[in-house]
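Protein chains in written order, with this note's numbering: chain A, 7 to 299; chain B, 304 to 738.
These are calculated hints, taken from the structure and not from any lab test.
Please read these numbers as outputs of a predicted model, since none were measured by experiment.
Glycine included, C-beta positions come from ideal geometry on N, C-alpha and C.
Counterexamples of contact, computed for chain B against chain A with all Cβ distances above 10 Å:
#  : residue
1  : Thr-313
2  : Phe-355
3  : Ala-416
4  : Pro-441
5  : Val-470
6  : Phe-498
7  : Ile-562
8  : Ala-566
9  : Phe-719
10 : Leu-730
Cross-link-like lysine-lysine pairs, in silico, DSSO-like; alpha carbons within 30 Å at most:
#  : chain 1 : residue 1 : chain 2 : residue 2
11 : A       : Lys-123   : B       : Lys-633
12 : B       : Lys-732   : A       : Lys-140
13 : A       : Lys-64    : B       : Lys-633
14 : A       : Lys-140   : B       : Lys-633
15 : A       : Lys-186   : B       : Lys-732
16 : A       : Lys-68    : A       : Lys-40
17 : A       : Lys-118   : B       : Lys-633
18 : B       : Lys-616   : A       : Lys-146
19 : A       : Lys-64    : B       : Lys-616
Below are the chains, spelled out letter by letter.
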Amino acid sequence: MESAVQVERAGINLKPGGRVSDDTALQTPVEAGKTVGIIAVDDPIFSCRDVDVFYGEKHAIKKVGIDIARNQVLAMIGPSGCGKSTFLRCLNRMNDTIAGARVEGKILLDGKDIHDKRRDVVQLRARVGMVFQKPNPFPKSIYENVAYGPRIHGLAGDRVELDEIVHGSLQRAGLWEEVKDRLQQPGTSLSGGQQQRLCIARTIAVNPEVILMDEPCSALDPIATARIEDLMEELRQSYAIVIVTHSMQQAARVSQRTAYFHLGDLIEVGETDRIFTNPRHKLTEDYITGRFG
Amino acid sequence: MNSTNKPRKTPQETQAIVERSLSRRYWAERRFRLYGLAAVTAGMLFLVYLFFVIFSNGMGAFRQTQVRLPVYFDPAIIAPEGQRDIESLRAADYPALIRAALKAKFPEVEGRAATRELTRLISGSASFDLQQMVVGDPGIIGTTEEIWLLGSDAVDLMAKGRVERDVPEDQRPLSDTQMGYFDKLESEGALALKFNANFLTGGDSREPEKAGIWGAVVGSFYTLVLTLLLSFPIGVATAVYLEEFAVRNRWTDLIEVNINNLAAVPSIVFGLLGLAVFIGFFGLPRSAPLVGALVLTLLTLPTIIIASRAALKAVPPSIREAALGMGASKIQTVAHHVLPLAMPGMLTGTIIGMARALGESAPLLMIGMVAFIVDIPQGFTDAATALPVQVFLWSDSPERGFMEKTSGAIIVLLAFLVVMNTAAVILRKRFERRW
Ligand SMILES: Nc1ncnc2c1ncn2[C@@H]1O[C@H](COP(=O)(O)OP(=O)(O)OP(=O)(O)O)[C@@H](O)[C@H]1O
Ligand SMILES: [Mg+2]
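One chain only, chain A, in its complex shape (with noise of 0.2 Å):
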């Protein structure tokens, strides 16, 4: 199915160098741009190529290309401190927000450079929506946590409209039945695992065409962590989701493709079932079966 023609269909300018291989053999060698497996898809939402994000001096991500599909979850695995949050970020510039932070490559949504000067970040944000790795929930009643989008990018036109999409928001995040008689509580007075999906459902809440989840699951008990994936892969049907996860299972249950990041490297990208069948780089493979470090 993957192939490197459909690269050239999906109109990126690929430069010689070939970040495709596609050979069966494990390998070893770590080389900034050189990613084991197949980067591209056909007719993806996201693509990106040659990105390169700097702290200061810190090179945090180095020449990393990948394509993300369009109703499909990606999966971002690698140890901690590896760049999958930075590289997550730059997907909705939000390391723009980071003084300091330097982020170069390309980075195309639909085609069109998101760094592109005419291009507005605040209408990025609004189709690419994130979730953050901790719960930060606004320091307002659970109700304005959800009404805040809608309301700031005037999605509702009027109180009975706005009521429907804060009540469909929380359902599909599966916290309504907790929270809806006390909708006029503060947000931050709900327990973690709450607040991350009351985060979800205020995301969810603007409609947005892809959905960056960093560790949504992280302090969430199984039963409201089985919520979360449902609810992702009812997502996919109609968004793209990118989701960083430190869960091998969780990675193997919600994701069609992974990505394995190894100090701010993408090593290799496949097919979820392939990548934890049968890795083809070294570090993927000792990453997977937990002999890493």
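Assemble the complex: chain A is given as a structure, and chain B with the ligands must be docked to it using the hints.
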């Protein structure tokens, strides 16, 4: 595997070491608490002493000695030709009415010098009160009324016991003869300490018994309202810009350093600046609350900016990220999420700045708010003075009667401060309730 040769301690040994250090740690904690308690107690004692002194001195300012006299509104003195128009009623010789009333009370007094000594018991401004009565109700002419007249400052001092009566005559404000009149009035119950409404509602005066604080209160009020209206928005806007929008470079560093420097500049320098720029260059009126407010704005801005920036810094970055991640624009993020959280801190900074502005006298001296002003200011450009300047003016006056007025003015200043801080605390509470 162990790189050191020392054997590891057993848990029992570790416990023993911890236990030995425990008492030392507890003792350190107790000592620290003791120091804190001592410091707080010392501070409280000073405060109590200060309040005691100010209140025991200043409460007298709220009561003034008055003398009851039967005053005959003699038509022959007020309106010899029977005229009733305001102009001639105003121009009548009211001190003569008081003289006549005193003479009726003390018929034994003969001669001009003795009469003058007698009239010194009554304040020079008492005739003004009579004039007001007559102008207000001309029907009073021809009747006799028992009227409480304002006693002179000398009578007031004696009545309040500020001066011992057995000191030598030349150290007393009243001579022996006058003491005789004084005692007679007192024994007749015609001498009383009454609530001094004029102190709270009147303007300044050369005579201590007539001097009031209201002019200075209004002056301070106008000045502070304008200072608040100018410095709060400018200060908050500056802080928000520097903290949330400005890129960090040499210019912003320079601005930051200079703001910190400005906070340390002696206030009199701001006064000189105001004199040169606002009065000298822009030609704004002297002694006006407008200029005072401009100078005090310069003075309080650094405080407000520094406090506001600290408040903004204390807002967790995750809140900003959350809002930006939702697609809020920068200004929406600040207005909807950051400012409400930073507001209590900003208000605290503003109150500290305003309290400082309320207590400042040096810069106001420079721009002429130190003038002797009897009229209550009616607007931002009228000549005015301010409470601390009034304290300064009165404390500098030679008349002994002004001593308690000074303390009285300090009490009013403190009350002003308490009202302001209470308002601030209420405001803060309202903002804080929004989690
Ligand atoms: N704001 C920052 N300033 C400087 N360095 C940063 C910053 N944020 C991240 N880094 C560095 O960039 C590297 C990648 O960080 P990142 O947060 O992307 O890791 P991660 O893969 O998300 O790790 P984890 O799984 O622990 O969340 C790390 O070495 C980190 O120290
Ligand atoms: Mg992370």
